[in-house]
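Given chain A, work out where chain B with the ligand should sit, using these hints.
Residue numbers (our numbering), protein chains in the order written: chain A, 1 to 436; chain B, 1 to 188.
Please note that a few of the clues may not be correct.
What the hints assert, rightly or not - Residues from chain A that face chain B, not an exhaustive set, calculated with beta carbons under 8 Å:
(1) 76
(2) 77
(3) 79
(4) 262
(5) 263
(6) 321
(7) 323
(8) 357
(9) 388
(10) 414
(11) 415
(12) 417
(13) 418
(14) 421
Just so you know, these hints were derived from the structure itself, not from any lab.
Glycine included, each C-beta is placed from N, C-alpha and C at the ideal position.
Now for the letters of each chain:
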Amino acid sequence: MKRSFLRGAISVFSAAALIAAPAASVAQQSAPLAPPAATAADPPPRPAPARARPDPSTDEGGIWGVADRAEEDARRSAERISDPGLNAYVASIACRVAAEFCGDVRIYLMQRPFYNASMAPNGYMEVWSGLMLRVEDEAQLAFVLGHEIAHYDARHSLETLRAMRGRSNAALAASVAIAVIGAAAAANSPNSAQSIMNAAGGLIDIAYLGALASLFGYSRENETEADAEGFRRIAAAGYDPAAPARQWRLRIDEVAASDFERTRREEARAGVFNTHPLNRDRVQALEALALRAAAVGETGRARYRAAIRPFLDPWLRDELRRRDYGQTLFLIERLASAEEDLGVLLFYRGEAHRLRRGEGDLAHARAAYESAIQHPDAPPLAWRQLGEIYERERRAAEAAALFRAYLDRAPAASDRLLIERRIAALEAQAPPGGTP
Amino acid sequence: MIKALAAALALSACAAVAAVEGPYSAAGAYTVTLDRQWSDISAVMTQRPRNVRLLSVDGPLLNRLYIASAIEPGQFLVKPARREAPTPIFRADMSETELVEFVIDSVAALGYLRPESRNLRPDLFGGREAVRFEIEAQTPEGLAFSGTALLARAGDRLHLILYLAPTEHYYARLLPHVEQVFASVRFQ
Ligand SMILES: [Zn+2]
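Here chain A stands alone, though its shape is the one from the complex (with noise of 0.2 Å):
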């Protein structure tokens, strides 16, 4: 993990070098262009902080430093969700696990399609869609949220901040100078992305927010208090027991289904650095106080899904990009049990498979585009796809009809004059009304 990140933060810095000039000329372009410091995004007022400012001068108010860099860079970050009603509810749901830090706690919700929750020690913290895609109900999410207050009620960051120094200053050192450096360099390069995918995931700001991960990476014995702890907050802001052991249950059978040999191999992770490694013990202790409270929560999965609900379509658009097909049929399949947006859901499930295009996937893919259609929330897009299989399959009539019926429902579709087109070459094949 470390070294394929060194990697990534120095060819970032060659390609930099390299364009030194246009760099600086853009940050000076693009600045007033930045969303503004504050947007409807940011939360309500809310009570003033438990946990006073540390001391600039101390270790605790170094890292807070860092800290407060990278919360600059997410406040500002084109990939922030600025829908109030979400940032609104996500807020609300860690106060309620977390009455006392609710002035502590800073959430940004970012459009990155993988999961991913994190906790900086200066209470700035960050969900990914990936991670509220993964969820599937209010208690597992507040179950993750209550997991990652522990980490910043207990200050593990610090702690392992000091293990750290006490193993070795030269880890530290280089740790810092690639947040600086990464930071610098990735902050104006789209091209970045590519070179620092190593790390995880094409995400540009992942070489600081890598750093601040080597910083955090936390041990198995925080990992486990702070499961401890999400789950007495959960359970005494009554929510269901078995949230818990079900999200990291349900995250580890996910990355066993995925594409790649490698990713299967690897333990799964509850974050996307080398943070909150996942294995069965944890899933295990879980169940056990799940079983010990043998009290009854709420699960407030019809209000989770109905929060999430305006954002399927976008965030499983971002799914796809991942182009991990076992990941993302696994994840689909778990939102489509609950069998609610199935339009969308059979629609996605259809794009999976026919950009997977392995063996038998395109006729699962007709499958699932022709369940979509019979569903009112299907996009339209459902129409176009099911017409392009039945065009290979020179169905040349029922392809041209379901064209048409994709023109009706995105008249200012952005193909209509390629798909008129081929409507009309269609029909010269197979006239309207005549035998296909």
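Structure of chain B with the ligand alone, referenced to chain A:
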């Protein structure tokens, strides 16, 4: 660590950047005519495929013109950094809209956010049937980017010219020259 960084710097300083103008061959299959000077900065693509060239005037952050020739089935426009993070690959059986999707997903793989195609239309690529479209995207810092692409299938190969630049100021400034490149394609 410091040594490695210094080595990387030295390497980039001598990476070849050639000024190009006039007839320009895109790795064999066709030529274009450049009506102004561009820099061939293909060398900045550390892992570029052999048949993809990258030109720019002001540096790759401000304008980039990809000229790709005869992309083969199984080939990518953007090389993946590792096996577990694959980038889009071209397939011979892609439909017209899937070819556009291949370009848009490749733009996403370059690190641009939420790329979308606009105004797809029939066009010509060196006299051959082609598809032309525009692109809208953003950088992670929120800078708006625009693009335009012209692509044509040739048997089981794909020819593609793709232009990307910040929407404000830069995109429009070079667009007439890019149009001229599109119009100048000649097959040998
Ligand atoms: Zn943790």
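Hint by hint, where does the structure go against what was stated? Just the numbers, ascending. none
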